[in-house]
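> Assemble the complex: chain A is given as a structure, and chains B, C, D, E and F must be docked to it using the hints.
There are 6 protein chains.
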Amino acid sequence: MPALSEVIAALEALWPPGQAEQWDAVGTVCGDTGNPEARVERVLFAVDPVQEVVDEAVRLGADLLVTHHPLYLRGTTTVAASTFKGRVVHTLIRNGIALHVAHTNADRADPGVSDALAGALGLRVTAPLVPDTDDPAGRRGLGRICELDEPVTLAAFAERAASRLPATAAGIRVAGDPEREVRTVAVCGGSGDSLFDVVRAAGADVYVTADLRHHPASEAQQQAAMPTGGGPALLDAAHWATEWPWTEQAAAQLDEISDRHGWNLRTHVSRTVTDPWTAHVASSSANPPPATGAGDTDTPGAPR
Amino acid sequence: MPALSEVIAALEALWPPGQAEQWDAVGTVCGDTGNPEARVERVLFAVDPVQEVVDEAVRLGADLLVTHHPLYLRGTTTVAASTFKGRVVHTLIRNGIALHVAHTNADRADPGVSDALAGALGLRVTAPLVPDTDDPAGRRGLGRICELDEPVTLAAFAERAASRLPATAAGIRVAGDPEREVRTVAVCGGSGDSLFDVVRAAGADVYVTADLRHHPASEAQQQAAMPTGGGPALLDAAHWATEWPWTEQAAAQLDEISDRHGWNLRTHVSRTVTDPWTAHVASSSANPPPATGAGDTDTPGAPR
Amino acid sequence: MPALSEVIAALEALWPPGQAEQWDAVGTVCGDTGNPEARVERVLFAVDPVQEVVDEAVRLGADLLVTHHPLYLRGTTTVAASTFKGRVVHTLIRNGIALHVAHTNADRADPGVSDALAGALGLRVTAPLVPDTDDPAGRRGLGRICELDEPVTLAAFAERAASRLPATAAGIRVAGDPEREVRTVAVCGGSGDSLFDVVRAAGADVYVTADLRHHPASEAQQQAAMPTGGGPALLDAAHWATEWPWTEQAAAQLDEISDRHGWNLRTHVSRTVTDPWTAHVASSSANPPPATGAGDTDTPGAPR
Amino acid sequence: MPALSEVIAALEALWPPGQAEQWDAVGTVCGDTGNPEARVERVLFAVDPVQEVVDEAVRLGADLLVTHHPLYLRGTTTVAASTFKGRVVHTLIRNGIALHVAHTNADRADPGVSDALAGALGLRVTAPLVPDTDDPAGRRGLGRICELDEPVTLAAFAERAASRLPATAAGIRVAGDPEREVRTVAVCGGSGDSLFDVVRAAGADVYVTADLRHHPASEAQQQAAMPTGGGPALLDAAHWATEWPWTEQAAAQLDEISDRHGWNLRTHVSRTVTDPWTAHVASSSANPPPATGAGDTDTPGAPR
Amino acid sequence: MPALSEVIAALEALWPPGQAEQWDAVGTVCGDTGNPEARVERVLFAVDPVQEVVDEAVRLGADLLVTHHPLYLRGTTTVAASTFKGRVVHTLIRNGIALHVAHTNADRADPGVSDALAGALGLRVTAPLVPDTDDPAGRRGLGRICELDEPVTLAAFAERAASRLPATAAGIRVAGDPEREVRTVAVCGGSGDSLFDVVRAAGADVYVTADLRHHPASEAQQQAAMPTGGGPALLDAAHWATEWPWTEQAAAQLDEISDRHGWNLRTHVSRTVTDPWTAHVASSSANPPPATGAGDTDTPGAPR
Amino acid sequence: MPALSEVIAALEALWPPGQAEQWDAVGTVCGDTGNPEARVERVLFAVDPVQEVVDEAVRLGADLLVTHHPLYLRGTTTVAASTFKGRVVHTLIRNGIALHVAHTNADRADPGVSDALAGALGLRVTAPLVPDTDDPAGRRGLGRICELDEPVTLAAFAERAASRLPATAAGIRVAGDPEREVRTVAVCGGSGDSLFDVVRAAGADVYVTADLRHHPASEAQQQAAMPTGGGPALLDAAHWATEWPWTEQAAAQLDEISDRHGWNLRTHVSRTVTDPWTAHVASSSANPPPATGAGDTDTPGAPR
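Residue numbers (the UniProt record's numbering), protein chains in the order written: chain A, 1 to 304; chain B, 1 to 304; chain C, 1 to 304; chain D, 1 to 304; chain E, 1 to 304; chain F, 1 to 304.
Only chain A is shown next, with the shape it has when bound in the complex (with noise of 0.2 Å):
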């Protein structure tokens, strides 16, 4: 069994911490990491580290728990367990599991997150969104730009990836001509509202990401639609499950390390699904009529 402080500096070795964004918190959030008896024999990944994660790593007996998203984005000066993150600090040390976050460093890294969302996808990735500027080899960055073998509809894309990304209650919203031919396709796991223009710059038929409020999504449609040129259509999916694939391919690269190290480490990958919606309903609402030539606007009052 390997030291906590092994299986962290592979980890580390992974997502280096010194390539996460400035405002970003990553790096061993929870255990004894300074302690030379502290071993780990399994490892769960996930995307969220909330209670219902943490219970789970709990059941398995897991060691050491990897997440994607920070416990403390922001500084706190507290971890009383009347909170929802104490709590969580309570139970991680009362039980012995360590915590690691890999965020923005994992996204940014080679193979990075939007890699795996590109790869659950069926997509060939060919360059980052916006590359990292020390990297000669151009493969790190932000978001990926990738390419499909053979051109589809935007609503053939759009079923292929409520088909493949794993399955929310939330599912996917598109905005855009449903006939529209889509070959390259930008992705970008998380919240992806700030890349547009370099989306837009890449040509891109289609931006899968997450996240997207009115405003932006609006003004991308707008501009879109202007005569002299384009912008990409949207998917929006849910942020956990874009970042979902990830897991799994950071599960097979630590279990490459053990194997190699001889560690014997058993990796976990959570199923539970941490996307706070629970449930979907269409509209079945009359209102607003359609619109019907001369009749798409009517006096409030009037019979319709």
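Treat each hint with caution, since some may be false.
Heads up, the list lumps identical chains together, so a pair's fine if it works in one copy or across two of them.
[Stated by the list, open to error] Taking lysine to any residue and the SDA-like style, the derived pairs with C-alpha atoms no more than 20 Å apart in a straight line are:
| id | residue 1 | residue 2 |
| --- | --- | --- |
| 1 | Lys85 | Gly230 |
| 2 | Lys85 | Val58 |
| 3 | Lys85 | Gly96 |
| 4 | Lys85 | Gln51 |
| 5 | Lys85 | Leu73 |
| 6 | Lys85 | Glu219 |
| 7 | Lys85 | Arg59 |
| 8 | Lys85 | Glu52 |
| 9 | Lys85 | Asp197 |
| 10 | Lys85 | Gly75 |
| 11 | Lys85 | Arg74 |
| 12 | Lys85 | Tyr72 |
| 13 | Lys85 | Met226 |
| 14 | Lys85 | Pro36 |
| 15 | Lys85 | Arg42 |
| 16 | Lys85 | Glu159 |
| 17 | Lys85 | Pro227 |
| 18 | Lys85 | Ala137 |
Please keep in mind that the hints were generated in silico from the structure rather than gathered at the bench.
Showing chains B, C, D, E and F alone in chain A's frame:
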């Protein structure tokens, strides 16, 4: 036919610009307001000042477009028609159509955007979520706390919302136990993630708003799941759908003023759906497989 | 007749928007630049995009107005015609006139605003005052250092400026010994009070600029009067007058391009004086009486 | 002979330092205020603490110099005599002369700098432009609104100003219709461009101040020219000339105090003109030629 | 045995978290406060939440540690045990010990940290140095002004402090004339260099505080030496020593509450000296030699 | 006798002002540097520009005072003699004494302040703690890393410091195990708490600096006590005592220059102790009693 300046004065009495948030950009954005010759016969109300809506105003022969969202929330130094917002300005001016915006001043008005949303959902409003400190009547402010006459389950309430809000492709996302009994409802038209704390303090059973992202929604759900207590279930509808009821309410308010002054205005409500999402696809993935006791996590590479 | 987009491209080649200061707002402000049908036959050049100039463009039948000053240096959220800048926008769009601005990018160009000013004053330019670091030729940058072929007195140089710069009601203010010999001249079209330090370092005998206020001018003169050393005399002309020579230079540049492409453009230079000062009145006060030895100060209330 | 500390106390009662703006630097700048032996016999009042004025104080044998402008508005970390302000400090200390500054506290006092300016112009003060909120009498504050007993034309009013303000080389600049009738006058000694909005709200026919630059003056004139409404004509005098009347007023105030206490002070008012501009030259250019109908613009290169 | 939540509520009533400074981080930092099963039998009070103190709490079998200093004054994103603060968190949680902090809320309370310090020195408190504006009784606030019943010399007062404050290796530093008579004493437990101005305004003869550095202490002494007036002598004790008396006071307050409720709590006060300085060595240098008239300065290299 | 400007030029060559920190205020603060008649015969070097030192300069007949600490680190808007710094300015100017400051430029120079400190302690300097990036020789920068020829115990090293640094009332505070072996020593004249991280990274056994406060010192000691590793012991001497060795070094440097130029300067080093602390009293308290096994904590009110 009233002068443009008279109609604008009526709109500013309904939604005083001084009651908007400091960061907001409300009031008259375009049009010949200083010209005493400028007259108004037709008025169109809409949520978004986008090209489709402006084209609708042109087709209708409207003299004035009233929208909830600002055209320029942040200041611009150009209105060149090569930008999609500049194209809106050019279309408006060439067709002699004025544009007036009532945004956070309409949110906080009595009645306001969230009153219209509550009305559409058949709820009885009891108070604002964040009351304006300078309103002795206690009716103005952001969001609304409401009561249902009869408690229903969360699932039934979600069905009600789906059948009463205007239809959108994206539908409604729900977070919480479908059997949870719902009686007190907090509503906030548009993006409401900044009001979680007051919603929780108000003891709401469910919160209806829009544009919720992974982290705020996830943290709200983690908080709600604490043994020491609650927090609301969540309903996330299309941003546009939560604000559209206000356009009908606003048109009716202006109709009433028109009748009182004998203006003979013709008011219209746009039925163009400007929610950017044009399709929704449900997940059809078998990935990750449902948790089955000990098998709820597994090792990648192992046979599944 | 060239397309509007072709003419704009020519202007942007002369004065690349990327060479403007970060705080500046240059480029195309108004007009149908994305429309391939939009054509240009007449172009008017002016310093200020004010209503009188826009009315002149309408009378001329111009398709394009090019000004030095931005219409909106700070972003606006409204172009309502009740504001004087919104009235400009409405007039431009109703009359199909585009507006393009070249401000600090024209200041720093080769040739730029201060080259035109130097030319009007009959000076030989030797270098920029603040050279652009990325111009190997050393010709671009803010302000210019110049030489007179023959030294003259400050009084004579001021007379020369008064006879060569376009006439304004305000005339020219001078600070310094009228007999001082002047050979090296620093010039900066428009407000130049931020360049005092480089002007002094350049060893200029006189500095020609505009908009100098009491404190910077007073401090420059106090510094100049130090026994240990110098500093320039000052000539403060009307802001408009120091920048107007650029409009002739710019029109000639576009003429040359038009000839080269066979565009047959008709370029015009506005002769409307847009300096705000419409009259100047010389002091006729006997107050305070001239200093006369011991009597150069006195006690109020005492007979004078 | 009073102690220096007694005279300073009297000055601070006239212009309490606590009533200065937060960014200002008023009070005693130099001198042996803590020394009970320090006495005052002669006091010199001036606008600017410049070397010429300090030399005048030395020649007079003054013990105290009182100026309107601070020596160091921004803090200094050196008083070395190689700087022109350090030279002032060395001259003052070597000659035993104290320096006291009353700047924005004198602007806002009752009577204040703008009262003296109004008095010099023969105007009847009705109220401050920006009243101090803590003055129940409503007399303290920035700027003054005044009335003329008989309305006069703008041209006549400008002549009056030229004959009543102390003479400077720069004279007075005027913006507006010379025949405009003037009755309500706003005055603000020194740089007044931050008060345009309150001047307009006060309904002033003309605004007398100093240091106006192109953009604020141009925008004020564009606003004044709007069909919907007015705004003042402008008179821009030398900064020094608008504040010099205060030195006479201040000397008389201290004389009165001296008489009351039997101090037998000798007060003097500096007549040194410290406006930096030493000459004015009227435009003698024929450029650009006056507008003559169709010929009001032309093509460069064409014969003129 | 009371519930943890009951004891925390009692502590928050003594030192309301809302009365802490905005930058401070007080309240419960660790522990199972939301768990109704969590009980408290033993409480340890200490100044610093350092490992030695936490180990003492473990040895004692304490359920709750109450400290004056925050564990995390600035927010943390990790509690990994490889950091010394994370090691504290791990030790606390593994041993089921809660941590509660009362810092600036205890400083400003009635009685507060400086009351305990005054009591230890045998002083009679007359008022806070910086009274809380919302305390009508005038007893809450930062620091305390105190009186000695009989005036003593500064030297005698320093001896008193050395014999009454808890012993530390560093002892006490004194600045001022040893024969100066001391009657009014200002005290501020912990770092007090921000209160010099109010101490001086209060007319204190001596100021007892901690953590004074060269520049503030030097400036205070220079100010005190001005012929025009005073300012206090200074006593700089160990930071820990000035705050330790509060731990006894606080324990007695909780004992009294425990008796009132019949809780039967066992309260303890830590006697571990957590001042970081473990030794003090007096200067034994002959360098620089004492001043002896003309010889008080010399030329390096000259024989001494 | 050299001109003042020549001597200043020599000082600026030794400690170039451009090598000071951006926030610092170095160079000539007072004196007639621009006057070619100003001559220098005697120069006094000292740490602090306080009144006692200036009086010493007057008594000596010095023409120039050179200090390490700035008179005005933050800018001043007054030099009135009622402030203690203004009194210094008045004394200097009345007595014709110039003041020159070399602060962080002297800290970072080669040799610099910490070289002098290392020399006083008999240490061999190996490198700066924070090397200047633009010094190819690697000798300039903040602080110094040093070696002892023979390792000694911390207790012995503290005795050495006490016997070699100039004597002050406050003496030296020590943190760490007295038996710890010390070989590598980090030194930083003046306040050194910002350099803890580089000191630790340099592997120093002890850190000699000044002005350490409770929290940084406590955190350094907690870090040093971590099982995983070290961190230095601490020696906190009087701020003045750590910088005084530089005055001797600086005087010798100027002597050498004087000899080279045949200036015949007379340089002096002030022996006035300007450390603000004038006495030290050791703790004589029996409070708290020493820990004795189980009795190391107790209940207040219980008999002791």
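> For every hint, state whether the structure bears it out.
Each hint, compared with the structure:
1. Taking identical chains as interchangeable, the C-alpha atoms of Lys85 and Gly230 lie at most 20 Å apart only when they sit on different chains, with a minimum of 15 Å there against 44 Å within one chain.
2. For the homomeric pair Lys85 and Val58, the shortest alpha-carbon distance inside one copy (16 Å) is at most 20 Å, but the shortest distance between copies (25 Å) is not.
3. In this assembly of identical chains, Lys85 and Gly96 lie within 20 Å of each other by CA distance both inside one copy and across copies; the values are 16 Å within and 17 Å between.
4. Taking identical chains as interchangeable, the C-alpha atoms of Lys85 and Gln51 lie at most 20 Å apart only when both belong to the same chain, with a minimum of 8 Å there against 23 Å between chains.
5. Proximity of Lys85 to Leu73 under the C-alpha cut-off of 20 Å is found in both arrangements, the shortest distances being 11 Å within a copy and 18 Å between copies.
6. Within a single copy, Lys85 and Glu219 get their C-alpha atoms only as close as 36 Å, which misses the 20 Å cut-off; across copies the closest is 9 Å, which meets it.
7. Taking CA atoms no more than 20 Å apart as the test, Lys85 paired with Arg59 passes inside one copy only; the shortest distance there is 19 Å, against 28 Å between copies.
8. Taking CA atoms no more than 20 Å apart as the test, Lys85 paired with Glu52 passes inside one copy only; the shortest distance there is 12 Å, against 27 Å between copies.
9. Within a single copy, Lys85 and Asp197 get their C-alpha atoms only as close as 35 Å, which misses the 20 Å cut-off; across copies the closest is 17 Å, which meets it.
10. Proximity of Lys85 and Gly75 under a CA criterion of 20 Å is satisfied in both settings, with 12 Å inside one chain copy and 14 Å between copies.
11. In this homomeric assembly, Lys85 and Arg74 come within 20 Å of each other (Cα to Cα) both inside a single copy, at 12 Å, and across copies, at 17 Å.
12. When the C-alpha separation of Lys85 and Tyr72 is checked against a cutoff of 20 Å, the pair qualifies both within a copy, at 8 Å, and between copies, at 16 Å.
13. Taking identical chains as interchangeable, the C-alpha atoms of Lys85 and Met226 lie at most 20 Å apart only when they sit on different chains, with a minimum of 10 Å there against 46 Å within one chain.
14. For a Cα distance limit of 20 Å, the shortest separation of Lys85 from Pro36 across copies, 18 Å, qualifies, whereas the shortest one inside one copy, 27 Å, does not.
15. Proximity of Lys85 to Arg42 under the C-alpha cut-off of 20 Å is found in neither arrangement, the shortest distances being 23 Å within a copy and 27 Å between copies.
16. Taking the closest pair of Cα atoms, Lys85 and Glu159 never come within 20 Å of each other, the shortest separation being 37 Å inside a single copy and 33 Å across copies.
17. Proximity of Lys85 and Pro227 under a CA criterion of 20 Å is satisfied inter-copy only: 13 Å between copies versus 49 Å inside one chain copy.
18. Taking CA atoms no more than 20 Å apart as the test, Lys85 paired with Ala137 passes in neither setting, with 39 Å inside one copy and 40 Å between copies.
Hint compliance for this structure: hints 15, 16, 18 are not met, and every other hint is.
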